[in-house]
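Chains as they are written, first to last, in the UniProt record's numbering: chain A, 1 to 343; chain B, 1 to 343; chain C, 1 to 343.
Hints listed in this document are in silico derivations from the structure and should not be mistaken for laboratory results. The model shown is predicted, which means the values in this text are computed figures rather than measured ones. Careful: at least some of the hints might be erroneous.
It does not matter which identical chain is meant; a pair holds if it fits inside one copy or across any two.
[What the hints assert, rightly or not] Straight line, CA to CA, 35 Å or less: simulated DSBU-like cross-link-like pairs of lysine-lysine: (1) K299 with K39; (2) K299 with K4; (3) K293 with K78; (4) K4 with K39; (5) K122 with K209; (6) K209 with K78; (7) K58 with K293; (8) K293 with K209.
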Amino acid sequence: MFQKNAWYVAATPDEIDGKPLGRKICNEQIVFYRGPDGKPVALDDYCPHRGAPLSLGKVESGKLICGYHGLGMGSEGKAVSMPGQRVSGFPCVQSYPVEERYGFIWVWPGDKDKADPELIHKLHWADNPDWAYGGGLYHFNCDYRFVIDNLMDLTHETYLHPTSIGQREIEEVPPTSRMENGSAITSRFMHNIMAPPFWKAALRGNNLKDDVPVDRWQICRFFPPSHVMIDVGVAHAGHGGFEADPAHKVSSVVVDFITPETETSTWYFWGMARNFNARDQGLTDQITSNLSKVFLEDKEMLERQQVNVERTRRPLLSLNIDGGGMHARKIIDQLVSEEQSTS
Amino acid sequence: MFQKNAWYVAATPDEIDGKPLGRKICNEQIVFYRGPDGKPVALDDYCPHRGAPLSLGKVESGKLICGYHGLGMGSEGKAVSMPGQRVSGFPCVQSYPVEERYGFIWVWPGDKDKADPELIHKLHWADNPDWAYGGGLYHFNCDYRFVIDNLMDLTHETYLHPTSIGQREIEEVPPTSRMENGSAITSRFMHNIMAPPFWKAALRGNNLKDDVPVDRWQICRFFPPSHVMIDVGVAHAGHGGFEADPAHKVSSVVVDFITPETETSTWYFWGMARNFNARDQGLTDQITSNLSKVFLEDKEMLERQQVNVERTRRPLLSLNIDGGGMHARKIIDQLVSEEQSTS
Amino acid sequence: MFQKNAWYVAATPDEIDGKPLGRKICNEQIVFYRGPDGKPVALDDYCPHRGAPLSLGKVESGKLICGYHGLGMGSEGKAVSMPGQRVSGFPCVQSYPVEERYGFIWVWPGDKDKADPELIHKLHWADNPDWAYGGGLYHFNCDYRFVIDNLMDLTHETYLHPTSIGQREIEEVPPTSRMENGSAITSRFMHNIMAPPFWKAALRGNNLKDDVPVDRWQICRFFPPSHVMIDVGVAHAGHGGFEADPAHKVSSVVVDFITPETETSTWYFWGMARNFNARDQGLTDQITSNLSKVFLEDKEMLERQQVNVERTRRPLLSLNIDGGGMHARKIIDQLVSEEQSTS
Chain A
1 MFQKNAWYVA ATPDEIDGKP LGRKICNEQI VFYRGPDGKP VALDDYCPHR
51 GAPLSLGKVE SGKLICGYHG LGMGSEGKAV SMPGQRVSGF PCVQSYPVEE
101 RYGFIWVWPG DKDKADPELI HKLHWADNPD WAYGGGLYHF NCDYRFVIDN
151 LMDLTHETYL HPTSIGQREI EEVPPTSRME NGSAITSRFM HNIMAPPFWK
201 AALRGNNLKD DVPVDRWQIC RFFPPSHVMI DVGVAHAGHG GFEADPAHKV
251 SSVVVDFITP ETETSTWYFW GMARNFNARD QGLTDQITSN LSKVFLEDKE
301 MLERQQVNVE RTRRPLLSLN IDGGGMHARK IIDQLVSEEQ STS
Chain B
1 MFQKNAWYVA ATPDEIDGKP LGRKICNEQI VFYRGPDGKP VALDDYCPHR
51 GAPLSLGKVE SGKLICGYHG LGMGSEGKAV SMPGQRVSGF PCVQSYPVEE
101 RYGFIWVWPG DKDKADPELI HKLHWADNPD WAYGGGLYHF NCDYRFVIDN
151 LMDLTHETYL HPTSIGQREI EEVPPTSRME NGSAITSRFM HNIMAPPFWK
201 AALRGNNLKD DVPVDRWQIC RFFPPSHVMI DVGVAHAGHG GFEADPAHKV
251 SSVVVDFITP ETETSTWYFW GMARNFNARD QGLTDQITSN LSKVFLEDKE
301 MLERQQVNVE RTRRPLLSLN IDGGGMHARK IIDQLVSEEQ STS
Chain C
1 MFQKNAWYVA ATPDEIDGKP LGRKICNEQI VFYRGPDGKP VALDDYCPHR
51 GAPLSLGKVE SGKLICGYHG LGMGSEGKAV SMPGQRVSGF PCVQSYPVEE
101 RYGFIWVWPG DKDKADPELI HKLHWADNPD WAYGGGLYHF NCDYRFVIDN
151 LMDLTHETYL HPTSIGQREI EEVPPTSRME NGSAITSRFM HNIMAPPFWK
201 AALRGNNLKD DVPVDRWQIC RFFPPSHVMI DVGVAHAGHG GFEADPAHKV
251 SSVVVDFITP ETETSTWYFW GMARNFNARD QGLTDQITSN LSKVFLEDKE
301 MLERQQVNVE RTRRPLLSLN IDGGGMHARK IIDQLVSEEQ STS
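Just need the whole structure built from these sequences, with the hints factored in.
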């Protein structure tokens with residue numbers, strides 16, 4: 001239950017530097033590598049000769065060489081060379097539209113003709129020297145929609161992440177959710193509270209006092225097919241919160257690309273973009289390390305939720321706090337339904 | 001193929017002290033914890049909000065708090081609290097009759113209305129200071145009836161446990177089996193033999209000579225749904241065997257609660273109760289350690305038997321030595337059949 | 001998709017010395033052991049009493065004793081003893097024709113009446129003191145025919161084994177394939193090339209110069225049901241190659257018994273027989289160690305090929321280089337088809 005005609009984050013650039021990468025995206029088994037011009041290529045990970053995975057091969061001058069018998073693949077999915085063989089009659093393998101943008105490799109697993117690079121989700125902070133980004137990749141054995149639900153309802157931070165970003169005050173302020181231009185938004189604003197450990201560290205990282213009351217915000221935005229961007233931060237209380245002058249706040253974006261591997265497994269690209277102290281790589285590393293622990297706490301819960309929901313097949317409750325996830329699922333349902341009716 | 005309307009041992013008390021325990025019993029996925037009065041509670045391990053396993057949560061003042069979004073469950077399976085939510089309309093989850101008795105947590109996975117605590121199997125030695133008990137828990141990947149067969153035919157000790165409790169003389173004395181009051185009994189009495197290593201150690205543990213001939217007994221009793229209690233011991237030869245004066249013997253009960261997890265997997269609670277030198281905790285620990293090795297030898301054999309029987313689906317032979325297990329299976333068949341015809 | 005009426009290598013003699021061995025061959029779960037005369041016996045690995053795997057038992061004076069309750073099996077699959085039991089009425093288990101020959105244990109998993117030991121594949125070099133043999137056993141999770149394809153097309157050495165036996169010149173010389181007397185043959189002859197590392201070491205092992213041009217040969221022969229014997233070697237260039245006088249060459253046979261475990265898994269007995277410096281055990285050990293690394297490189301490729309082919313179910317290409325494997329598959333298809341039409 002996911003869109004095929006959409007741009008998904010499939011990898012980070014370092015994963016395809018110098019060698020091919022095999023990865024399943026939306027049930028498509030794909031090999032990613034850099035072609036002759038250095039641009040990423042995405043093909044069915046299947047050698048048309050004897051079915052070997054091309055990702056076990058190597059890349060020579062932008063040509064993907066099968067590691068079994070040396071068949072060379074061109075970036076269109078056509079065999080272009082093989083020692084002692086004429087390859088012009090070989091069957092082609094599928095190629096996938098793929099782009100490198102904003103520090104990610106994006107793939108379009110569906111109908112090639114509809115793949116317009118302009119549809120790639122815009123990241124205003126990427127390629128901007130005033131912003132820094134750090135992140136990682138986790139594999140979750142669960143439906144990607146459980147990850148979206150998780151990120152569109154941060155109430156869970158109180159319970160699942162009590163030592164980092166969770167605090168009692170989160171659940172005391174009800175969130176508000178709405179749909180807007182085909183995206184779903186859930187916001188929560190907390191006033192005059194003490195920052196939890198993760199944000200105390202961030203305040204110190206921006207040379208701000210961490211022992212005074214703050215205003216805290218969480219503005220979660222779901223964008224199809226499965227991205228969640230969350231404006232998060234704290235400002236010294238009374239300075240305007242989210243709108244406060246940069247001198248009084250630490251403000252960042254939790255970046256979540258939640259790419260289905262199969263119906264019940266997910267590649268979760270997580271990270272944080274920030275525009276304070278952006279040139280401090282040590283701070284980036286520290287924040288990334290802290291985040292990696294937070295998102296690992298989600299992994300066990302979501303994988304066990306998957307097992308439990310498969311076991312019972314009961315409908316889930318949808319409370320006020322689940323509004324953001326509900327909106328997101330409505331958007332997904334609508335887009336998948338449209339996609340299926342036109343194919 | 002097991003009774004649902006019966007009391008099974010599900011856990012030991014230490015397993016639910018201070019935290020919830022998730023465990024599948026007779027195909028029911030259950031969370032066990034201590035309620036407000038300290039008494040055990042057993043619920044479907046499923047949060048009615050979003051399906052998270054409640055066993056990943058925590059217990060606060062006897063209320064089970066879901067670890068995902070903080071829903072609080074009462075001991076009847078009804079949500080009783082959730083931050084910022086009215087929970088009165090939430091669907092309930094199933095609760096199971098559960099009792100703490102004799103040092104075990106007992107659960108009734110079937111029809112709640114039929115769960116009478118008086119039906120819990122009596123353990124005459126429990127809560128008696130003249131007796132000591134030590135035991136453990138193993139998970140076996142086999143049908144629980146293979147464990148019952150194993151314990152109702154101790155001929156296997158000669159082959160599977162040759163360095164501890166096995167000896168040639170076991171197979172030289174044919175056992176006798178019978179049914180009695182809805183239980184199955186198999187007995188074997190050996191006279192004027194040398195004790196095997198396990199029993200030599202027990203004799204020394206009771207300050208008795210271990211290098212003189214003994215009389216040895218094994219009286220296996222199966223009680224539904226799946227408990228096996230075995231009177232075992234040795235007495236210096238000629239003093240009356242099982243009936244000998246305590247001054248001349250070491251006498252104990254092998255305690256086996258064989259609780260189905262699924263049709264093909266089993267929670268095996270094993271242990272030994274003894275009424276010699278009962279206050280010697282070091283002796284209890286030593287006996288428990290020795291037993292843990294013995295029952296581990298059964299694990300590989302029974303799990304491989306399960307695989308082999310599934311592979312061939314041939315009928316098993318039933319010899320004289322298998323009489324106890326056959327009686328036990330007849331009792332089980334009868335009870336399951338009755339249960340199914342009335343439900 | 002394999003012959004049942006054929007002799008397969010099932011084990012090496014050391015594997016059944018002193019203890020039974022459980023191994024699945026062509027979907028038959030078999031226990032191998034040495035009977036009263038020291039000759040190998042092969043039976044269904046199933047105790048007729050309670051279904052325990054007989055391979056968990058032990059062998060006493062050539063009688064297989066079940067490790068659970070002591071049932072003794074005779075080499076015809078008939079129970080011959082059990083403590084305190086008459087066994088004459090016990091059901092028999094299947095026995096399989098089995099032979100020890102040429103340093104291997106051979107089994108016939110099909111129709112017993114057709115098992116003629118004269119049909120065992122002849123190994124001219126075995127039991128010949130002028131020849132030495134060293135080998136090993138790997139378990140591959142793939143269809144055995146992928147291993148045959150691999151060995152009947154050594155083009156892959158260039159890509160999969162570049163640091164040992166692979167070299168560019170292999171793919172510059174097209175192989176020739178043909179069928180002959182129910183076997184398939186693929187040959188490749190390379191002239192005036194430098195030897196790759198594996199063969200340089202072999203030249204030194206035969207006290208020959210390794211830094212001069214050589215002629216190299218590869219003559220792969222497939223014999224049903226699934227054996228591949230490959231004449232391989234190098235001779236100093238210009239001395240006649242394969243036909244050169246022993247003083248100028250290193251010549252050996254790659255020995256491959258590719259025994260199906262199931263349709264998608266394989267016991268791969270690999271090794272090398274050589275007739276130079278045959279009494280040098282250190283050389284045998286070194287060659288065997290080098291080969292073990294080579295064949296491990298095939299394992300990952302073939303297991304991933306299996307997954308990929310199962311995923312896509314597309315037909316494989318058959319190029320000139322695949323001729324040997326194609327002939328082998330034709331022979332297999334023919335024999336399996338004959339077998340099925342007469343059964």
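Against the structure, the hints come out as follows:
1. K299 with K39: both (33 Å within a copy, 32 Å between copies)
2. K299 with K4: Both: 25 Å inside a copy, 34 Å across copies.
3. K293 with K78: This pair counts as between: shortest inter-copy Cα distance 33 Å, intra-copy 43 Å.
4. K4 with K39: within (22 Å within a copy, 52 Å between copies)
5. K122 with K209: Within one copy, since 34 Å is at most 35 Å while 65 Å is not.
6. K209 with K78: neither (60 Å within a copy, 45 Å between copies)
7. K58 with K293: Intra 34 Å, inter 20 Å, cutoff 35 Å: intra and inter.
8. K293 with K209: within (24 Å within a copy, 59 Å between copies)
Hint 6 from the list above is the single one not met by this structure.
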